[in-house]
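What follows is the residue order along each chain.
Number of protein chains: 2
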Amino acid sequence: MIPVPAGVGKNIKNAVEYNAMKIVIPGFSFNGISGGIKKYGKKDIGLLYSEVPAIAAGVFTRNWVKAAPVLLTHRRIKKGYIQAVLVNSGCANACTGKKGMEDAKRLSAETARILKISPDLIAVSSTGVIGEFLPVNKMSTQLPVLCKDLAEEKVEKFAQAIMTTDTVKKIAVRKKMIGGEKIIIGGIAKGAGMINPSLATMLVFIVTNAAVLPRTLQSLLDEGIMRSLNRITIDGDTSTNDMVLLLANGRAGNQPFSKKSAEVTGLKTMLFEVLEELAQKIVNDGEGVTKVIEIKVKKATSHKEAETIARSIAYSPLVKTAFYGEEVNWGRIIAAAGKTIFPISFEKVDLFMGKIPLVKNGVNVAPQNEKRAQEKIKKKNITITLVLNQGRQDASIVTTDLSPEYVTINAGYKS
Amino acid sequence: MIPVPAGVGKNIKNAVEYNAMKIVIPGFSFNGISGGIKKYGKKDIGLLYSEVPAIAAGVFTRNWVKAAPVLLTHRRIKKGYIQAVLVNSGCANACTGKKGMEDAKRLSAETARILKISPDLIAVSSTGVIGEFLPVNKMSTQLPVLCKDLAEEKVEKFAQAIMTTDTVKKIAVRKKMIGGEKIIIGGIAKGAGMINPSLATMLVFIVTNAAVLPRTLQSLLDEGIMRSLNRITIDGDTSTNDMVLLLANGRAGNQPFSKKSAEVTGLKTMLFEVLEELAQKIVNDGEGVTKVIEIKVKKATSHKEAETIARSIAYSPLVKTAFYGEEVNWGRIIAAAGKTIFPISFEKVDLFMGKIPLVKNGVNVAPQNEKRAQEKIKKKNITITLVLNQGRQDASIVTTDLSPEYVTINAGYKS
Chain A
537 MIPVPAGVGK NIKNAVEYNA MKIVIPGFSF NGISGGIKKY GKKDIGLLYS EVPAIAAGVF
597 TRNWVKAAPV LLTHRRIKKG YIQAVLVNSG CANACTGKKG MEDAKRLSAE TARILKISPD
657 LIAVSSTGVI GEFLPVNKMS TQLPVLCKDL AEEKVEKFAQ AIMTTDTVKK IAVRKKMIGG
717 EKIIIGGIAK GAGMINPSLA TMLVFIVTNA AVLPRTLQSL LDEGIMRSLN RITIDGDTST
777 NDMVLLLANG RAGNQPFSKK SAEVTGLKTM LFEVLEELAQ KIVNDGEGVT KVIEIKVKKA
837 TSHKEAETIA RSIAYSPLVK TAFYGEEVNW GRIIAAAGKT IFPISFEKVD LFMGKIPLVK
897 NGVNVAPQNE KRAQEKIKKK NITITLVLNQ GRQDASIVTT DLSPEYVTIN AGYKS
Chain B
537 MIPVPAGVGK NIKNAVEYNA MKIVIPGFSF NGISGGIKKY GKKDIGLLYS EVPAIAAGVF
597 TRNWVKAAPV LLTHRRIKKG YIQAVLVNSG CANACTGKKG MEDAKRLSAE TARILKISPD
657 LIAVSSTGVI GEFLPVNKMS TQLPVLCKDL AEEKVEKFAQ AIMTTDTVKK IAVRKKMIGG
717 EKIIIGGIAK GAGMINPSLA TMLVFIVTNA AVLPRTLQSL LDEGIMRSLN RITIDGDTST
777 NDMVLLLANG RAGNQPFSKK SAEVTGLKTM LFEVLEELAQ KIVNDGEGVT KVIEIKVKKA
837 TSHKEAETIA RSIAYSPLVK TAFYGEEVNW GRIIAAAGKT IFPISFEKVD LFMGKIPLVK
897 NGVNVAPQNE KRAQEKIKKK NITITLVLNQ GRQDASIVTT DLSPEYVTIN AGYKS
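Residue numbers (my numbering), protein chains in the order written: chain A, 537 to 951; chain B, 537 to 951.
I should point out that these hints are in silico values taken from the structure, not numbers from a laboratory. Keep in mind that a hint or two might mislead.
Given that identical chains are not distinguished, each listed pair holds provided it fits within a single copy or across any two copies.
[Said to hold, decoys possible] Derived PhoX-like pairs (lysine-lysine); straight-line CA-CA distance at most 25 angstroms:
(1) Lys834 with Lys916
(2) Lys891 with Lys834
(3) Lys634 with Lys835
(4) Lys896 with Lys635
Model the full structure from these sequences, guided by the hints.
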């Protein structure tokens, strides 16, 4: 059983405690083994396989420098179907030029041959060191075992194989009866950890037995990511390898969900809950994280303004270190809010920690609430609400504190 | 004598080792005393005074939330003349509303009365805790002493009074014969340190005995700041209180320098050197800093592109922690370069540390230079050059590493 982190579960009515022995997503099987990329025989190659080609949706890193697997999978997913996802950790296969692309193609071609499917149906994904080549020969020898031992209940092995500095496996599952069919959706994530000298890559793979029209699948994924994974930040860096894939194999036998079908809201809720749970698991497992802070910016003149200001606060090293130090330091929050291109008027501003007012109409009211605020800031999960009172748009971002441990981990001190 | 930090002095031919006993800027006097804002009787009020109203130029924080002294001084400097600058540390007088503005006015009015000049000729400046009021009554009782004991040689006392977490006083002086007159220019800075719960405020005050036309003075300051103070970053945060003032009292008796006069280049050089030296001193004294890294981005399609990419690298916590850990981790630099809105093509990129190539035309050449690179990264001052090979524009930013000590200092652990 995966422990559900603090702060998760508020609006998760259909949460299923993941248990590998009980929950399977019909038609999907998994495996994770050691392919010789990482040291000490750690798991580093994972395979996710669908009995039939699945309708596929994907979202990829917006970094201009894209790893070979990102480029290849992005190209293949355009055809609409994916049947298997080959993932490795320990090497990003990024900044590796033509050879990197040939390596990705060769590994997927060999996997395709063993699975007896078209290479075009294979998605590839990598995370780890940038600028180094995959040990393709070594990996190739392991591919037959990887494919042979696929099993419905091996989700955890797959989750383990894609981990880098993650300290916990990140799996989320929901099930629900929709229109008479039992729909199950499961997701596996890694991130946002990094170990020298790689990056904070976020990989997320979601599978469901539902039948969904291709465009509906992509738009559900886009909307779900906007509300979940795109709202978390640990250090503001964007990986060359980020990838989120959603595969729907239709095994539930339902009439394919379309944007207009009434039942689609049921699937949407499940998907958004899985994404939100994985996002929370990622941020709670952030490197050196001792606190998870939601920054809500309200009553801005535009959503863009609200989001930009929320991100400015969320990225500020001064804000993040103050939270680590458990200092009620609202001046840093206001200063970070004021440094974007969007004007704010401090005289109009209200600021809260949880429900405790720190600033009202630009007047410091923190001193009279000091005791309550001091108690609040000692919690792991904290909400900051900045009300600009200059419009009607809201946005929120979930961030973490910045600890000396984050620096130590990322300075490359290997444990 | 102020030790000149490593990395300074390359192109500083006229550098004068500052010595309070020898160097004075004719017509300017200084003082710094304890006004009871800080604990333990530390100096916290400084006064800079010109015998005559000086032509004044100023540059102020771009944060939308501006401290009362910033607003007041910005308004006063528009009239063109400033005769005295009253500065305090320990309290930012920011986010203090009407009372904060009244406090700033009252302190400057009292100073004006003692100095027998118009309050409009007084600039005020503050750095320290946000959201708290100045102890005006306490400060008022010290103003007569502050004014009475002004002296030409008390530059160091002034420099000390404006310090917060700075570990060294920051003073730079140049002198030069220009057109038969002995021109002297001196600058005093604080930053970019902060102590709980205040901000990384940067204050810079520069004085010269030269006569300069007002518009020329402002444009020299603007250009100088673009090339120096605006190119350094420690944590990417912008204070509510940043202020740079340049006062020219004309005591040298020269024909006022205008943009068109041939002699202006002499003054310009001196001013830029003073600004550059102060910028270097600030960045070298950054909190928890063990390395100072210049990020050069070359051959971009526009200056904006070059600067945005340089800043993206300079702000990246992953890049900064890698330098702290002395890891030659070029993948993080490339990933940070690729995450802006400006496209880059990794295939075209060259990357150097000092003169050591790490990437050539998108090919990793770091392994063959590993030994030299490992030696280089152990130095305190490092230059990274990223050649995009997609245009003709260059930009550079000076940044620092990110150490556990930075986090500890800013988490509010008081020593």
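Evaluated hints:
1. Lys834 with Lys916: within (23 angstroms within a copy, 44 angstroms between copies)
2. Lys891 with Lys834: within (14 angstroms within a copy, 49 angstroms between copies)
3. Lys634 with Lys835: between (49 angstroms within a copy, 24 angstroms between copies)
4. Lys896 with Lys635: Between copies only: 15 angstroms across, 59 angstroms inside.
Checked against the numbered hints given earlier, this structure breaks none of them.
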